Amino acid sequence: MSTRFGPVAAALFCLLLVMPAPSGWAQEEEQEEQRTRRTEALSERVHRRLSKAQEALEADDHATAESLLREIIELRNLSPYEQAQTNNFYGYVYIDQEDYQGAIPAFRRVIDAGGPDVIGPGLYNQTIRTLAQLYAQVENFSEAIVYGRQWLDSQANPPPRDYMLLAQAHFQLEQWRDALDYVSLAIEAAQAAGMEAEENWWRYMVAAHWELEEFPEALDITKIMVREWPKKQYWSQLQGLYSIVEDEPRQLAAYWCMYDQGLLDRSMELVNMANLFMLAEVPYKAAVILQDGLDSGEIEGTTQNYRILAQAWQLSREDRKAIGPMRKAAEGEEDAEMKGDLYVRLAESYNALSEYDECASAARQAIRDGQPKSEGRTYMLLGQCLFEQEKYDEAGDAFSRAARDSETRQAATRWQNYLRREVARLQDLDARLARFGS
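Going by the numbering used here, the first residue of the sequence shown is number 1063, and it counts up by one from there.
Read the hints as simulated data drawn from the structure, not as lab findings. Being a predicted model, the structure only gives us computed values, none of them experimental. Keep in mind that the hints are not guaranteed to be accurate.
Claimed, not checked - Okay, derived cross-link-like pairs now, EDC-like style, lysine to aspartate or glutamate, Cα gap no bigger than 16 angstroms in a straight line:
#1 K1435 x E1484
#2 K1453 x D1431
#3 K1453 x E1420
#4 K1435 x E1417
#5 K1435 x D1467
#6 K1294 x E1331
#7 K1390 x D1419
#8 K1383 x E1399
#9 K1285 x D1309
#10 K1383 x E1417
#11 K1435 x E1469
#12 K1453 x E1399
#13 K1293 x E1260
#14 K1453 x E1417
#15 K1294 x E1276
#16 K1294 x E1258
#17 K1435 x E1420
#18 K1347 x D1322
#19 K1390 x E1362
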């Protein structure tokens, strides 16, 4: 966790030279008692120099402040408390210059001067906390954890943020379980104090569960985040977790909520939602979303997207609407096999609409411009459309080609037989009509 100390923090600390910042839970009487005791603990020679150092620091004259502090260090017979206070001031001079690495030894010397019984529990414990923050600042997370735990152990009711310092340090070290435990403690402490846990804390909790592959737990936390902060990133996270736990209906519902709120603004997001409707066997919804998106430009007019749209319209039994996007997909497709299959599907849509001339044209284009997966089925479709146009010779040729394919041989043979009978019937009918002079 990055902790920034500025000139204001340093100045405030210096104003309390004789009274180190007490813990948040201390009573006013205890604070006053500490103030009196600490004032008496500083000799006049030390107090005078610290006051001048404070004035120099407020004027951003760090060199003078450090010079005065060195004078104090060189004095003879300094008490442990005076040593601690001087090094404490040293630490804040470094912090004021954003030299966090340099501040650490100064604060280490504070606690080296004596334990809480010698320099006072307020100064001692506050220094422990400052060291935890500084080690986190310089990314020495192991040491941040050591001092952070020591600080927590010294407090009856630590602030929730101090639990988060440890949570973030463990997170940086990829110690996910420990990170999760401290985030939980931070949230519990905040709630116990009647505070609201910060949004970012919940994000750490989700991330820790995710790293531990505890996806149901991550899902439960994400639900809370969606309720409290209904942002797109949390809705997206929610649908992603529903996908991981294989709850497709709720994944689709989450996507639909995003769509309804206007949160889906990327082409891929809209296409993904359409695909979910396809998986849920609701192709009409998928088709409407795709069509609207393509018409408005929100969805990219790629071959793939037109292909999905055409499929959705076909599955919705809307063959007329499928023709336009199917043709665009077929014309734009570069893969020969896919191109052939798209033209076959286009021919199927024309066939369903009884537009046999266009059907035959699309089937021929599938054979000429592509390489459909099943050439036999393509010739079968071509033969049927030609038959409906009463182009029997061409239909016969198509069925003959289909008969060469083992997959369609039997069906093609049946059609050939049917075609012969139909031709024979028509010839007989023509002969009968001719006898009557028609």
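For each hint, the structure was consulted:
no. : hint          : verdict
1   : K1435 x E1484 : violated (30 angstroms)
2   : K1453 x D1431 : violated (23 angstroms)
3   : K1453 x E1420 : holds (14 angstroms)
4   : K1435 x E1417 : violated (24 angstroms)
5   : K1435 x D1467 : holds (12 angstroms)
6   : K1294 x E1331 : holds (12 angstroms)
7   : K1390 x D1419 : violated (19 angstroms)
8   : K1383 x E1399 : violated (24 angstroms)
9   : K1285 x D1309 : holds (14 angstroms)
10  : K1383 x E1417 : holds (14 angstroms)
11  : K1435 x E1469 : holds (11 angstroms)
12  : K1453 x E1399 : violated (28 angstroms)
13  : K1293 x E1260 : holds (15 angstroms)
14  : K1453 x E1417 : holds (14 angstroms)
15  : K1294 x E1276 : violated (22 angstroms)
16  : K1294 x E1258 : violated (21 angstroms)
17  : K1435 x E1420 : violated (21 angstroms)
18  : K1347 x D1322 : holds (13 angstroms)
19  : K1390 x E1362 : holds (13 angstroms)
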